[in-house]
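Respectively, the protein sequence lines represent chains A and B.
Residue 282 in the working numbering is what sits at position 282 of the first sequence, and the numbering runs on without skipping anything.
Residue 38 in the working numbering is what sits at position 38 of the second sequence, and the numbering runs on without skipping anything.
Hints in this document: simulated from the structure, not taken from any laboratory.
Bear in mind that the values here come from a model prediction, so they are computed numbers and not experimental data.
Check each hint, because a few of them may be wrong.
Said to hold, decoys possible - With a Cα cut of at most 25 Å, we get these calculated DMTMM-like pairs of lysine to aspartate or glutamate:
| hint | chain 1 | residue 1 | chain 2 | residue 2 |
| --- | --- | --- | --- | --- |
| 1 | B | 163 | A | 143 |
| 2 | A | 109 | B | 120 |
| 3 | B | 17 | B | 67 |
| 4 | A | 163 | B | 112 |
| 5 | A | 206 | A | 234 |
| 6 | A | 98 | A | 120 |
| 7 | A | 136 | B | 190 |
| 8 | B | 109 | A | 143 |
| 9 | B | 136 | A | 190 |
| 10 | B | 163 | A | 175 |
| 11 | B | 95 | B | 59 |
| 12 | B | 109 | A | 41 |
| 13 | A | 163 | B | 175 |
| 14 | A | 109 | B | 112 |
| 15 | A | 163 | B | 190 |
| 16 | B | 163 | A | 41 |
| 17 | A | 163 | B | 143 |
| 18 | B | 98 | B | 120 |
| 19 | B | 163 | A | 190 |
| 20 | A | 206 | B | 157 |
Protein chains: 2
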Amino acid sequence: LKQILIARSAGFCFGVKRAIAIANETASRGSADGASGCGPEIRSLGPLIHNPQAVEELEKKGIRVVESVEEVEGGKVIVRSHGITRSDRAALDAKKVKIIDATCPFVNKAQEHARQLSAEGYAVVVVGDANHPEVKSIISYIEPGVPILTSLAGLREASGVRKVGIVAQTTQSFENLMQFVSVALRHFPEVRVFNTICNATVLRQKESTAVAGKADVMVVLGGYNSANTRRLAEICREINPRTHHVETADELPGGFLEGVSTVGVTAGASTPQWIIEALVARIRGMWAGEEIRVDLYQ
Amino acid sequence: LKQILIARSAGFCFGVKRAIAIANETASRGSADGASGCGPEIRSLGPLIHNPQAVEELEKKGIRVVESVEEVEGGKVIVRSHGITRSDRAALDAKKVKIIDATCPFVNKAQEHARQLSAEGYAVVVVGDANHPEVKSIISYIEPGVPILTSLAGLREASGVRKVGIVAQTTQSFENLMQFVSVALRHFPEVRVFNTICNATVLRQKESTAVAGKADVMVVLGGYNSANTRRLAEICREINPRTHHVETADELPGGFLEGVSTVGVTAGASTPQWIIEALVARIRGMWAGEEIRVDLYQ
Chain A
1 LKQILIARSA GFCFGVKRAI AIANETASRG SADGASGCGP EIRSLGPLIH
51 NPQAVEELEK KGIRVVESVE EVEGGKVIVR SHGITRSDRA ALDAKKVKII
101 DATCPFVNKA QEHARQLSAE GYAVVVVGDA NHPEVKSIIS YIEPGVPILT
151 SLAGLREASG VRKVGIVAQT TQSFENLMQF VSVALRHFPE VRVFNTICNA
201 TVLRQKESTA VAGKADVMVV LGGYNSANTR RLAEICREIN PRTHHVETAD
251 ELPGGFLEGV STVGVTAGAS TPQWIIEALV ARIRGMWAGE EIRVDLYQ
Chain B
1 LKQILIARSA GFCFGVKRAI AIANETASRG SADGASGCGP EIRSLGPLIH
51 NPQAVEELEK KGIRVVESVE EVEGGKVIVR SHGITRSDRA ALDAKKVKII
101 DATCPFVNKA QEHARQLSAE GYAVVVVGDA NHPEVKSIIS YIEPGVPILT
151 SLAGLREASG VRKVGIVAQT TQSFENLMQF VSVALRHFPE VRVFNTICNA
201 TVLRQKESTA VAGKADVMVV LGGYNSANTR RLAEICREIN PRTHHVETAD
251 ELPGGFLEGV STVGVTAGAS TPQWIIEALV ARIRGMWAGE EIRVDLYQ
C-alpha cells in the first residue's frame, strides 16, 4: 500500500481561492452575455495572484491585468484579495466602472477596524509592509488628520498621542505584532489591538512539518522566488532531509520515489491547485499497478 | 568635601505619601474639633502602610486600625491607598460613616477602566495578585455578570469571549502584563489594554542603581521582610559590593564610612522619610567638622 499525504492547507488561502472563483464566475458571465472579445472588458487591478501560469489562465478567459485605475475607462474591474484604496474606489465609481469586489473578508475587517479606531480618536498603527497594496488599502480607511504609524521608531516618537489602536496586515507574524504592542504599551496609557492576522500561513507551516515527519520523501510545490514557499521547504527539510522544492512535478528527479511508501505534499500560498493535481497524477503514473491512498492531513 | 547622595524616589511613593498626609490632616482636624480621645473616632481600614513604626505614629495621633467594616459603627474611616471594594463602601455609607478617601489616584484609574471595560462588553482581565486588597477593589468595580479573568490559565480557557479588556495592579511588572496581553491576543480577536502600572518601582530601582554606581558605600533602608527593599539591595549590590541593607541607621557597622567620600542612600516603598533623615543625621555626626553636601539624584 502506497500513500500520498497532502497538507490540507497546501496552496491558496481562503481569500485567494475566493478571488479566483469570483474572477472565473465574472468571466463566464461575461461570455454568457456574449461579451467575450468585444463586449465590456474585464480588468483585474494588479495580478490576481503572484503566479504567472495562473494569471495566464485568467487572461485566456478574458481577464486583463492593468496596473492602475488610470488605465480603466469602463467595463468591469475585479478588485483582488488585497483590496484597493478608498481613493481608487472613488475614481472607479466616478468613471462608472462596475467594481467586482474580491477583497479578502479578513482584509475588509482590518480596513473596518482601522476606520473605526480612527473615528474613535485613536492614533492608528498598521503593522506591515507600508508598500504592500494590502497595507495601502487598510491605511486609506483611516480618517483624515489621524496620526498613522507604521514603524517602531515612529511609534516611539509619536507625540500628543494617548490612545493607540493597532491592526495588522493579514500575513504578518504574531511576533512582529507583539513587538508593536509592547512598544505601544511602554509609551501610551491605552492600547487597543485588533488581531487581524490570518492564521493560514501559520497553519500551513504546522501541517506541512507534520506531513514531512510522516513521509519518506517530501515535495514542496511553489515558485522559487516565493518567500513563503522557500520558508516552507526550509522548515520541512529540518524535519525530513529528503525534501524537494520544485515549481512543477516535471522537475522532480527520476528516482525520487525509490524505497518510498509515503510521499508528503505541500504547496505555497500562491501555488494553484492544478500544480498539486499534476504532481499526484505523476506519482500515480510512477506507481502504476500499486494500491494508492490519497489522504489530506489536517 | 563629603557627599550624601540620596535617590530622589527613595521611600514612599506618591500614593502612600498622599494617604499619610490625608491621615495627618484628618487627625489634626479631629483634635482641633476637640474630638481627640473622646470625640468621633478615626479608623483606618487596614494599616495605612506596611510599616509598624509608621502605624504606631499614626495611632498616637488617634488613628486606629480596624480589619473590616464590621468593626466600624460611626465616626470617620480613612480608606488607604489600595482603595476599598464597592460593597465595603456601600456598607460604610449605610452606617453613615464619614469616608476619608485616600485611594491612590492611580488605583482610582484602574478601577474606573475596569468598570468602563465591563460596561462596554469586554471580559475583564486584572493582572495582579487576586488576594491583594488593591486587586479586590479593582475587581469590585466590574459590572455584575461580566467574566473576570485573573490567571493565564483562566484566560486561555475563557469561552464565549471575543473582546478582552486588560488592566493591571499598579505595582505589577511590565513583563507580567505583557504575558497576559500576548496570551489574550493569541486567543481573542480584540484586546484593549490600559497600562495602569505605576512607574514608581521601576524609577526607584533605576535611580538607586545609578546612585550605587556613584557612591563609595551604599545604604538601602527598609524592612528585612519587605520584598521590594530586598530586591533594591540586591540590584545595588550588583553595582556596588559595599552595599548595606538595614532597617535603621543604628544597625550600620561602626566603620562603614572608612575611606568614604560619597555615601549613597535609597529606601524601599514602605520606608518613612524620618528613617532616611535619621541616617543623614548619623552620618553628619560621624563626619562632624567636614564640609558635607546632601544631594538628591534624579
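Which hint numbers doesn't this structure obey? As far as the earlier hints go, 6, 8, 12, 14, 16 and 18 are violated by this structure, in ascending order.
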